[in-house]
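Novice: Chain residues, written in single-letter form:
There are 2 protein chains.
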Amino acid sequence: MKQENFILIISSPSGAGKTSLSRQLLKEDSRLCLSVSATTRKIRPGEVEGKDYYFIDIKEYKEMLLNKEFLEDAQVFDNYYGSPKKHIMDKLQEGKDILFDIDWQGAQTLKEKLGPLVVSIFILPPSMSELKRRLKSRGQDSDEVVDRRMERAKAEISKYGLYDYVLINKDFDKTLARISSIIAAERLRFFDFSKFVEDLMK
Amino acid sequence: MKQENFILIISSPSGAGKTSLSRQLLKEDSRLCLSVSATTRKIRPGEVEGKDYYFIDIKEYKEMLLNKEFLEDAQVFDNYYGSPKKHIMDKLQEGKDILFDIDWQGAQTLKEKLGPLVVSIFILPPSMSELKRRLKSRGQDSDEVVDRRMERAKAEISKYGLYDYVLINKDFDKTLARISSIIAAERLRFFDFSKFVEDLMK
Numbered sequence: 015m016k017q018e019n020f021i022l023i024i025s026s027p028s029g030a031g032k033t034s035l036s037r038q039l040l041k042e043d044s045r046l047c048l049s050v051s052a053t054t055r056k057i058r059p060g061e062v063e064g065k066d067y068y069f070i071d072i073k074e075y076k077e078m079l080l081n082k083e084f085l086e087d088a089q090v091f092d093n094y095y096g097s098p099k100k101h102i103m104d105k106l107q108e109g110k111d112i113l114f115d116i117d118w119q120g121a122q123t124l125k126e127k128l129g130p131l132v133v134s135i136f137i138l139p140p141s142m143s144e145l146k147r148r149l150k151s152r153g154q155d156s157d158e159v160v161d162r163r164m165e166r167a168k169a170e171i172s173k174y175g176l177y178d179y180v181l182i183n184k185d186f187d188k189t190l191a192r193i194s195s196i197i198a199a200e201r202l203r204f205f206d207f208s209k210f211v212e213d214l215m216k
Numbered sequence: 015m016k017q018e019n020f021i022l023i024i025s026s027p028s029g030a031g032k033t034s035l036s037r038q039l040l041k042e043d044s045r046l047c048l049s050v051s052a053t054t055r056k057i058r059p060g061e062v063e064g065k066d067y068y069f070i071d072i073k074e075y076k077e078m079l080l081n082k083e084f085l086e087d088a089q090v091f092d093n094y095y096g097s098p099k100k101h102i103m104d105k106l107q108e109g110k111d112i113l114f115d116i117d118w119q120g121a122q123t124l125k126e127k128l129g130p131l132v133v134s135i136f137i138l139p140p141s142m143s144e145l146k147r148r149l150k151s152r153g154q155d156s157d158e159v160v161d162r163r164m165e166r167a168k169a170e171i172s173k174y175g176l177y178d179y180v181l182i183n184k185d186f187d188k189t190l191a192r193i194s195s196i197i198a199a200e201r202l203r204f205f206d207f208s209k210f211v212e213d214l215m216k
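Each protein sequence line maps, in turn, to chains V and B. Going by my numbering, the first sequence opens with residue 15, and the numbers climb by one from there. Going by my numbering, the second sequence opens with residue 15, and the numbers climb by one from there.
The reader is advised that the hints may include incorrect statements.
Repeated chains share a single entry, so a pair holds when one copy, or any two copies, can fit it.
Heads up, simulated SDA-like pairs for lysine to any residue below, C-alpha to C-alpha not over 25 Å straight-line [said to hold, decoys possible]:
#, residue 1, residue 2
1, K184, E170
2, K32, R203
3, K188, R203
4, K100, S172
5, K110, D178
6, K168, Y68
7, K146, R166
8, K209, R147
9, K188, F20
10, K76, T53
11, K188, A198
12, K110, E61
13, K188, L202
14, K168, S208
To be clear, the hints were calculated from the coordinates, so they are not data collected in a lab.
Sequences are here, hints too, so could you generate the full structure?
Specialist: Following this line, the structure appears as C-alpha cells:
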C-alpha cells in the first residue's frame with residue numbers, strides 16, 4: 015500500500031485569510047509542508063527567511079529564472095516570485111504533501127506541469143467591504159496600495175472557477191475544518207491500493 | 015449560492031461493512047438519504063419494507079423493468095434488484111444527497127447515466143479471512159452460500175479501480191470518519207458559487 019504525495023494550492027486575494035489558514039494547517043498537519051517561494055519583495059515584520067520566503071535580490075532572481083530553476087514564477091506589482099524546483103522535488107521525495115500559497119496564474123502553471131498531482135482551493139472573502147477592512151487593519155499598506163490590492167482582488171476572484179474547491183472564509187475555524195476535510199478526502203484519493211488488493215486476492 | 019445535490023455510491027463485497035456504515039451515515043447526516051431499491055429477494059430479519067428495500071415479486075419486477083422504471087437494475091444470484099427512477103428524482107428535488115448501496119455494475123450504470131453527479135467509494139475488507147469470518151458470523155447463510163459470496167467478493171474487489179475512493183474497513187469508526195470527510199469535501203465541490211461571486215463583485 016503506497017501513499018502518493020500531492021500538491022495543495024491555496025489561492026485567494028490578499029486579505030482573504032490564505033496566509034493565516036496556511037500557517038494553522040502547517041501547524042496541525044505534520045505531513046504538510048510549505049513550498050517556500052523565492053521573492054524579490056522586502057521582508058515583512060514576523061516573516062522568517064527560508065520559512066516564509068527565500069528573500070533574494072533581483073540579480074539572483076534573474077539568474078535563477080535564466081537557469082530555469084523555477085517551477086512557476088510570477089510578478090505581483092513590482093515584486094517577483096518563483097517556486098524553486100529543487101526545493102519542491104526534495105520535499106516530495108521526503109514524503110511530504112506540499113502546500114502552495116500562490117495566485118491563479120501560478121496555480122494554472124502547476125496544473126499544466128504537474129496536473130494529476132494538484133488539488134486547488136480558492137478562498138473567497140465574505141464581502142468586498144470585509145476584504146478592504148482586513149487589508150486596512152494590517153496597517154502596512156498606504157491607501158493607494160490598498161486600492162490596488164482591491165483591484166487585483168477582483169481580478170483574482172474572477173478566476174475562482176478554475177479551482178477544484180471554493181470556500182468562503184467567513185469563520186476561520188470552519189474554513190480550516192473544511193480544508194482539513196478536503197485534505198483528508200484527497201489523501202484517500204491519492205492512495206495506491208494495488209499492492210494491498212494483490213495481497214488480498216492471493 | 016446554490017448547493018447542488020449529489021449521488022454517493024458505496025460498494026463493497028458482501029460482509030465488508032457497507033450496510034452498517036451506510037446505516038450509521040444516514041443516522042448522522044440528515045441531508046443524506048438512502049436510495050431504496052426494489053428487490054425480489056426475501057426480507058431478512060430486521061429489514062423494513064420501504065426503508066431497506068421495496069420487496070416485490072418477480073411479476074411486479076418484470077412489469078417495472080418493461081416500463082423502464084429503473085435507473086439501474088441487477089441480478090445477484092437468483093434475486094433481482096432495481097433503483098426506481100421516480101423515488102430518486104423525488105429525493106433529489108427535496109434537496110437530498112442520495113446514497114446508493116449497489117455493486118460495481120450498478121455503479122457503472124449510474125456513472126454513465128448521471129456522470130458528474132456521482133461520487134463513488136469502494137470498501138475493502140482488511141483481509142479475505144476476516145471477510146469470511148464476518149460472513150459466517152451473520153449466521154444466515156449456509157457454507158455453500160458463504161463460498162459463493164467469497165467467490166463473488168473476489169470478482170467485486172477486482173473492480174476497485176473504477177471507484178473515486180477506496181477505503182479499507184479495518185476500524186469501523188475510522189472508516190466512518192473517512193467517509194464523512196469525503197462527503198464534506200464533495201459537498202464543497204458541488205457548491206455553485208456563481209451567484210455569490212456575482213454579488214461580491216457588484
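Novice: It remains to establish, for every hint, whether it holds in the given structure.
Specialist: Do the hints match the structure? See the list:
no. : hint           : verdict
1   : K184 with E170 : within (18 Å within a copy, 43 Å between copies)
2   : K32 with R203  : both (24 Å within a copy, 19 Å between copies)
3   : K188 with R203 : both (23 Å within a copy, 16 Å between copies)
4   : K100 with S172 : neither (32 Å within a copy, 39 Å between copies)
5   : K110 with D178 : both (21 Å within a copy, 22 Å between copies)
6   : K168 with Y68  : neither (28 Å within a copy, 52 Å between copies)
7   : K146 with R166 : within (12 Å within a copy, 60 Å between copies)
8   : K209 with R147 : between (52 Å within a copy, 23 Å between copies)
9   : K188 with F20  : both (23 Å within a copy, 22 Å between copies)
10  : K76 with T53   : within (11 Å within a copy, 69 Å between copies)
11  : K188 with A198 : both (15 Å within a copy, 12 Å between copies)
12  : K110 with E61  : within (22 Å within a copy, 46 Å between copies)
13  : K188 with L202 : both (21 Å within a copy, 12 Å between copies)
14  : K168 with S208 : between (44 Å within a copy, 14 Å between copies)
Figure legend: structure checked against the earlier numbered hints; hints not met, in rising order: 4, 6.
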